[in-house]
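Colleague: What follows is each chain in one-letter form.
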Amino acid sequence: MRFHSVAVEERGEVGRYTVLRYRWPGPVEPGQFVMARAAGYPVTLDPFLARPFSFYDHDGEVASLLFVVRGRGTALLDRADRIDVSAPLGRGFRVEPSRERAVLLGGGVGIAPLKILGRRLGELGVPHDVFLGFADAPIAAAASDFLGAGVATIDGSVGTHGTVLDAVPDLDSYGAVYACGPNPMLAAVKHAAGGLLCQLSVEERMGCGNGSCNGCAVPVRGGYVRSCVEGPVFPAEALAW
Amino acid sequence: MELCGIPLQTPLIPASGTLAKEALGEVEGVYGAMLPKTTTPAPRVGNPPPRVAETPAGMVNSIGLQNPGVERFIEDLDAFGLGITLFVSAAGDTVEEFGALCELLGADERISAIELNLSCPNVELGGLTFCARPASVEEVVANCRRTTSKPIFAKLTFEGVVENARAAEAAGADALTVMNTIPALTVDAHSRSVLVRGGLSGPAIKPVALRAVYEVSRAVGVPVIGSGGVTCGLDVAEFMLAGSTVVQVGTASFVRDPKQILEEFAAYLKREGLAAAELTGGLLHK
Numbered sequence: 011m012r013f014h015s016v017a018v019e020e021r022g023e024v025g026r027y028t029v030l031r032y033r034w035p036g037p038v039e040p041g042q043f044v045m046a047r048a049a050g051y052p053v054t055l056d057p058f059l060a061r062p063f064s065f066y067d068h069d070g071e072v073a074s075l076l077f078v079v080r081g082r083g084t085a086l087l088d089r090a091d092r093i094d095v096s097a098p099l100g101r102g103f104r105v106e107p108s109r110e111r112a113v114l115l116g117g118g119v120g121i122a123p124l125k126i127l128g129r130r131l132g133e134l135g136v137p138h139d140v141f142l143g144f145a146d147a148p149i150a151a152a153a154s155d156f157l158g159a160g161v162a163t164i165d166g167s168v169g170t171h172g173t174v175l176d177a178v179p180d181l182d183s184y185g186a187v188y189a190c191g192p193n194p195m196l197a198a199v200k201h202a203a204g205g206l207l208c209q210l211s212v213e214e215r216m217g218c219g220n221g222s223c224n225g226c227a228v229p230v231r232g233g234y235v236r237s238c239v240e241g242p243v244f245p246a247e248a249l250a251w
Numbered sequence: 032m033e034l035c036g037i038p039l040q041t042p043l044i045p046a047s048g049t050l051a052k053e054a055l056g057e058v059e060g061v062y063g064a065m066l067p068k069t070t071t072p073a074p075r076v077g078n079p080p081p082r083v084a085e086t087p088a089g090m091v092n093s094i095g096l097q098n099p100g101v102e103r104f105i106e107d108l109d110a111f112g113l114g115i116t117l118f119v120s121a122a123g124d125t126v127e128e129f130g131a132l133c134e135l136l137g138a139d140e141r142i143s144a145i146e147l148n149l150s151c152p153n154v155e156l157g158g159l160t161f162c163a164r165p166a167s168v169e170e171v172v173a174n175c176r177r178t179t180s181k182p183i184f185a186k187l188t189f190e191g192v193v194e195n196a197r198a199a200e201a202a203g204a205d206a207l208t209v210m211n212t213i214p215a216l217t218v219d220a221h222s223r224s225v226l227v228r229g230g231l232s233g234p235a236i237k238p239v240a241l242r243a244v245y246e247v248s249r250a251v252g253v254p255v256i257g258s259g260g261v262t263c264g265l266d267v268a269e270f271m272l273a274g275s276t277v278v279q280v281g282t283a284s285f286v287r288d289p290k291q292i293l294e295e296f297a298a299y300l301k302r303e304g305l306a307a308a309e310l311t312g313g314l315l316h317k
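Just so you know, the protein sequences line up as chains A and B, in that order. The first sequence finishes on residue 251 if you use my numbering, and the numbering steps up by one all the way, no holes. The second sequence finishes on residue 317 if you use my numbering, and the numbering steps up by one all the way, no holes.
Please keep in mind that the hints were generated in silico from the structure rather than gathered at the bench. Ideal Cβ positions, reconstructed from N, Cα and C, are used throughout, including at glycine. Accuracy of the hints is not assured; some may be wrong.
[What the hints assert, rightly or not] One side of the interface only, derived from the structure: several residues of chain B facing chain A at Cβ under 8 Å:
id, residue
1, 53
2, 55
3, 77
4, 80
5, 224
6, 286
[Stated by the list, open to error] Derived CB-CB ranges, DEER-like:
id, chain 1, residue 1, chain 2, residue 2, range
7, B, 228, A, 192, 15 to 25 Å
8, B, 40, A, 72, 37 to 47 Å
9, A, 158, B, 59, 19 to 29 Å
10, B, 228, A, 202, 16 to 26 Å
11, A, 202, B, 38, 55 to 65 Å
12, B, 106, A, 72, 40 to 50 Å
13, B, 265, A, 202, 53 to 63 Å
14, B, 134, A, 92, 49 to 59 Å
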C-alpha cells in the first residue's frame, strides 16, 4: 500500500470525536475511506497496521477524518502533526440527482460519511434529512455539526429515547435511505427500509485496505465479499443480514 | 536473479494471499514474479469474520483459503499476466487433490512454477494435521512431481521444518518456501472471547523465519525462498545471507509501498559494494 505523508492542517473536536483536516486535492467520493495512521514508519511497529476511516468531509481541497480515540492507534493519530494516508479507497454511495427526499441515518462514529454525503446531495439538489443516534448526551454533542439533524440517544438524555430509527417519523415517506453505523444498526435499517432504495456503509476490521488480505469479509448470498474493494457501501439487498 | 532456471527481474515475490489483482497497479516493477492467493479444487467461502487482528509488529489472520476454485482461477489468470513471470499457489485436502491441481496448473503455459501450500494453519482438513509430518510432505510432493515437469516449490510450516524440507527435496521439490505464518491466538479481554485464531505474520516472526531459512538451507541442496516478516531492504539482505535465493514480501506490503523495500535493498548492495548474486543462497554458510 502506498501511503502519503501529509501535515495535519487542523485538529478539531466534534463532541467526543476528533476531526483531522489535511490537504487532499484529488477527487473523493462520499462513502470512500482511507487507511491512515500517525506518520513514523518504521517506528510504529505497535500499532502495526493502518486503520480505515471514512471521509468525514472534502471540499475539493481539504479532506477531514472523524474518529473516536479507542486504542493506541487512534490515540497516536489524535496527537499527530503528520499522518500517513492512502489514496481514497473503496466504493462509496451511488447517488444521482433526484427530487425525491432522501434520509441519512448515522449511528455513533458511523455519522462520519454522512457529512460528505450531505454535501454531495446538496450539490445534486437532492432534498434530504439527517438523523443521528448516539449512546448518550456527551457523544451526541457531535450532532451540532449537522445542521437540523434529528437526534436519538439510547439513554434518552438528548432527543428521542431509543435508536436512530426511533427518531425517524415516517421512513416510508423517503425515496432513498443511506446509513452508516454498527452492523446491528445497519441490519435494523435494512429491515425497516423494506423495498426502499437503501445503501449501507459497513464497519469491518481491515488488514490491508486494497483487497489483498481478504480480512474484511462481509456476508453476502453465497459467501463473503471484501468490504474494502466491493464496499464499504453496499446495496442493502446484497447483504446477507 | 534466477530461481530454478527461471529468470527474475527482482529478488522479491509477493507471498501468496497478500496481493490482490486490484492492487497490481501499485506494484509495477517491484516483483520478479507474481504469486496469487492459493487456489483449491473447489471454491471455498472462507472463515466467518473477524478474520484479522493486529498484534505488536504483526497481525493474525484466519481467512480460510477463501477462493473461487481452480476453474475460475484459471479463467481469471490473465489479470495477473502483465508480461511478468507467474507462479501459482495450490492446496488440496488429499494427496490426490494436490496431484490433480498440479496436473491442471502445470499444463497451463502461462504458469512457470507451482508452490504447494502444505502449511496453511487455517484450514482444519489440510493445514497442519495433514502436512506437518515428513511422510505426508513426501507423499504429496512425490505425487505432484509425477504430474508436471514444471518447478514445484513446497511451502513449509515452522514445525519440523528441517525434516519436512528434507522430505520435500527427496520427493522432487525444486525449491522450498520457508515459511508460512505461525499458529497464533488473539483474545478480546473486553468481550471475553477468542478474537482470531489463525496465523501470525509480520516483523514479529522474522527472527523465527530467519532461523528456519538458515537451518533448512544447510540441510538441503535446493534453493530456499525466504518468507516471514520481511519489511525493509535490510531484511531482504538478511534472508539472503541466511540462505534464501529470493525473498517473499507479504504483510509488510499492507503497511508500506513494497517498492521502497526493493530500493532499500539496492541501496544496501551499493553501500556494501556487493552484487545480489554474492548474497543469495547463504553467504553465512560459506
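Colleague: Please go over all the hints and tell whether each is borne out by the structure.
Modeller: Hint check:
At about 4 Å, the closest approach between the beta carbon of residue 53 of chain B and any beta carbon in chain A falls short of 8 Å, and the interface hint on this residue holds. Hint status for residue 55 of chain B relative to chain A: violated, with the closest Cβ pair at about 10 Å, above 8 Å. The interface hint given for residue 77 of chain B holds, since its Cβ lies 6 Å from the closest Cβ of chain A, which is under the 8 Å cut-off. Look at residue 80 of chain B: its Cβ gets to within about 5 Å of chain A, closer than 8 Å, so that hint holds up.
A least Cβ separation of about 14 Å between residue 224 of chain B and chain A goes past the 8 Å threshold, and the interface hint is therefore violated. Of the supplied interface hints, the one on residue 286 of chain B holds, with its beta-carbon coming within about 6 Å of a beta-carbon of chain A, less than 8 Å. Look at residue 228 of chain B against residue 192 of chain A: about 24 Å separates their beta carbons, and that is inside 15 to 25 Å. A hinted range of 37 to 47 Å holds for the C-beta pair residue 40 of chain B and residue 72 of chain A, which are about 40 Å apart.
In this structure the supplied range 19 to 29 Å is violated for residue 158 of chain A paired with residue 59 of chain B, their Cβ-Cβ distance being about 48 Å. Look at residue 228 of chain B against residue 202 of chain A: about 35 Å separates their beta carbons, and that is not inside 16 to 26 Å. For the pair residue 202 of chain A and residue 38 of chain B, the beta carbons lie near 60 Å from each other, so the given range of 55 to 65 Å is met. A beta carbon spacing of about 44 Å between residue 106 of chain B and residue 72 of chain A agrees with the range 40 to 50 Å that was offered as a hint.
Checked against the hint of 53 to 63 Å, the pair residue 265 of chain B and residue 202 of chain A passes, with Cβ atoms roughly 55 Å apart. Between residue 134 of chain B and residue 92 of chain A the CB atoms are about 53 Å apart, so this pair conforms to the stated range of 49 to 59 Å.
Of the numbered hints listed earlier, those contradicted by the structure are 2, 5, 9, 10.
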